[in-house]
Amino acid sequence: MTMAQGRAEFARRRSQEQELLLRAATGSGGEALAAYKAWRAHVDLDAAIDHETLALMPLLYGSLQKLGVDDSLSGRLKGICRRTWYGNQTFLRGAREAVACLAEAGVECLLVGDLPIALTCYEGLSTRGIRRVDAVVLPAQAQLAEGRLRAAGWAAGNPLRDEEVAYNHVKRLTGPAGQVLALHWHFLQAASSEAADRAFWATGEAFILDGGPARCLSPTGLLLHLLLGDSHPEKSLPGLWIADALVIIGRAAEQLDWSRMIGFALAHRLAVRLERKLRILSSYGAPIPESVVRALREARTNLPESIDAMVLGSQGGRRKRMALWRFDVLADYLRSDRQAGLLNRPADFSHFVRHRWGLSGRRQLLPVLARHFRRNIAPGWP
Amino acid sequence: MDRRFSINGSAVASEVIDGEAIMMHQASGDYFSADGVGCLIWQWIGDGRSRNQMLDLLKQGFACEPAEIESGVDSFLADLLSHQLVSEVGEGDDPRPGPVAKTSIEPGAAYAPPVLSVYSDMRDLLLLDPIHEVEESGWPTPKQTGTEP
Chain A
829 MTMAQGRAEF ARRRSQEQEL LLRAATGSGG EALAAYKAWR AHVDLDAAID HETLALMPLL
889 YGSLQKLGVD DSLSGRLKGI CRRTWYGNQT FLRGAREAVA CLAEAGVECL LVGDLPIALT
949 CYEGLSTRGI RRVDAVVLPA QAQLAEGRLR AAGWAAGNPL RDEEVAYNHV KRLTGPAGQV
1009 LALHWHFLQA ASSEAADRAF WATGEAFILD GGPARCLSPT GLLLHLLLGD SHPEKSLPGL
1069 WIADALVIIG RAAEQLDWSR MIGFALAHRL AVRLERKLRI LSSYGAPIPE SVVRALREAR
1129 TNLPESIDAM VLGSQGGRRK RMALWRFDVL ADYLRSDRQA GLLNRPADFS HFVRHRWGLS
1189 GRRQLLPVLA RHFRRNIAPG WP
Chain B
984 MDRRFSINGS AVASEVIDGE AIMMHQASGD YFSADGVGCL IWQWIGDGRS RNQMLDLLKQ
1044 GFACEPAEIE SGVDSFLADL LSHQLVSEVG EGDDPRPGPV AKTSIEPGAA YAPPVLSVYS
1104 DMRDLLLLDP IHEVEESGWP TPKQTGTEP
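First to last, the sequence lines map onto chains A and B. Residue numbering for the first sequence follows the numbering used here, beginning at 829 and increasing consecutively. Residue numbering for the second sequence follows the numbering used here, beginning at 984 and increasing consecutively.
Since the hints were made in silico from the structure, they are not lab data. Model, not experiment: these values are computed from the prediction. Don't take each hint at face value.
To be verified - Below, a sample of chain B positions facing chain A; criterion: calculated Cβ distance under 7 Å:
no., residue
1, Met1007
2, Asp1030
3, Leu1110
4, Val1117
Claimed, not checked - Derived list of chain B stretches under chain A, where covered just means 3 residues or more per stretch with a C-beta under 8 Å from a C-beta of chain A:
no., region
5, 1011-1018
6, 1043-1052
Even for Gly, the Cβ is constructed at its ideal location relative to N, Cα and C.
So here's chain B without its partners, still in its complex pose:
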């Protein structure tokens, strides 16, 4: 049986910046991000695609074991659900139509399982100097101290 989801639009704000989906849960203030396949899935959910449709697209786009893709997608969807970023909608329900996103998979791209990064300690993260106190990947990843020899 297929499953369909919709973004919790009234409680979640999101934007895609250069292939990375960033989300914020309005009630908790928690911040989330997902890039690569995770960003594609987020955009596909916004477009109203079902789980099976997303799996088909990924299987067509990546040369890897279908079972690996399925487990990665299901785990990612479970994360989105547990953080109340999306809701599961019934087969008969039409999810809120989202904007048409640029969601093509680059030919030859390697598959990496989708990961939802979760940041809850926003008060501390907002105090970080976004140039000097973060890793090279940028805010909100704090610079690791004490790892250098």
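Bound conformation, chain A alone:
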């Protein structure tokens, strides 16, 4: 077996294990039990456990409890629940202080991602680990928010510049106890526009964060953001978003406004992405109305969605997907609010790309593209 074949075999085996674990953790009855038994037969628990598997284990524990399974792994699964709970408690304190700090400065803030999902969708705080705080503020308040958080002890590197606010959408800060806070000024990387943001702000609702007031998205907004928020599947924990989405749908099925989701996806040219995610959820038994998937599938094609369709539909394995994902930045650019005139557009796009790719200057673009071409597109190229 060559090294490439070995890697492919490892990836196939890992993806099979994750699939079984996900079905055991989120399914019910005999199907979940069969998936658990198959997962136990496959998985090597003496080997290192990846982050995604660990993240799903508390959910697996809950599922096994319902199934009445008590085996040699149960104690350690319960231990992971305890650890998840403890970690979340320490996280909540930092998050509450950050939200209070922003509120004192008059910054309007809405929490998305892990934290509201863990707090409002799961029972208790031992089932879903919070990896970071995702706070969205208005672009006009992004620098004020960053300055206040910096003053409160959150490390953020250089102060947020106008150019970053114009071309980027998020900045990562680290709290005094090591917590990570992602300060966003747009809700979606894939559609960083005022109109898309407005649609999310409109679904904001109050919730209690560690005894203090805070705001998060409604179940519809939360699900939409979860499905469209992380546009890079190689970076996210695929099993975790599926588990989160299934929990949101299971808990708030009556409150979900599917027509609003369709309207948003069509208006912001995200129908291809949303349809793909919903199809995946359907394969896990989520009650997605067929009319929703059909409406998204029948949406007229446009350039950003054609790029999405090409990227998401690629069958060439991880390498090819990675190669294509580098270029989805064009689709994101077209969906953004950039108002550059025709002549200025190439320069504006190059700024957009350099910020999106985290480069220190546009001069790095060509070397990065050349390296990317050599590694991912034409490995044999000299």
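Model the placement of chain B on the given structure of chain A, informed by the hints.
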């Protein structure tokens, strides 16, 4: 004279996972756990039950010497107080009402005195691999090394 307690809600976070109460003191970061009778007492305190009410429930539920139950409960309450997880409230004070908990004693269950497990070295415990570096009972109990022959 009866005694009544309340959970220090502003300083203590807690949750019950499958018959085990886990608590964290927000200021110290210390972690605590109690299962069995200890978990029942924690939930009863949350419900606002007095010491005597708790003793009555335990005496009805377990076939063992009342004195043994009393000493176990008093010792456990003293531990909770010393770690500032609960406060004693006066007879006239209404403790903060807690959620109604599922706190029934299983028929035929054997009595084991309540124990509060205390974990203070959280920095080290959080670094443990929760699969490979813990006992079969799971985190936060580190795997004992050097005990095998």
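To see whether the hints hold, each was checked on the structure:
1. Met1007: Since the shortest Cβ distance to chain A is 5 Å, the answer is holds.
2. Asp1030: Nearest chain A Cβ about 18 Å off; hint violated.
3. Leu1110: Check failed: Cβ of B/Leu1110 comes no nearer than 11 Å to chain A, outside 7 Å.
4. Val1117: Constraint on B/Val1117 satisfied, holds at 6 Å.
5. 1011-1018: holds (count 3)
6. 1043-1052: As far as the region 1043-1052 of chain B goes, the hint is violated, because 0 residues have Cβ atoms under 8 Å from chain A.
In summary, the numbered hints that this structure violates are 2, 3, 6.
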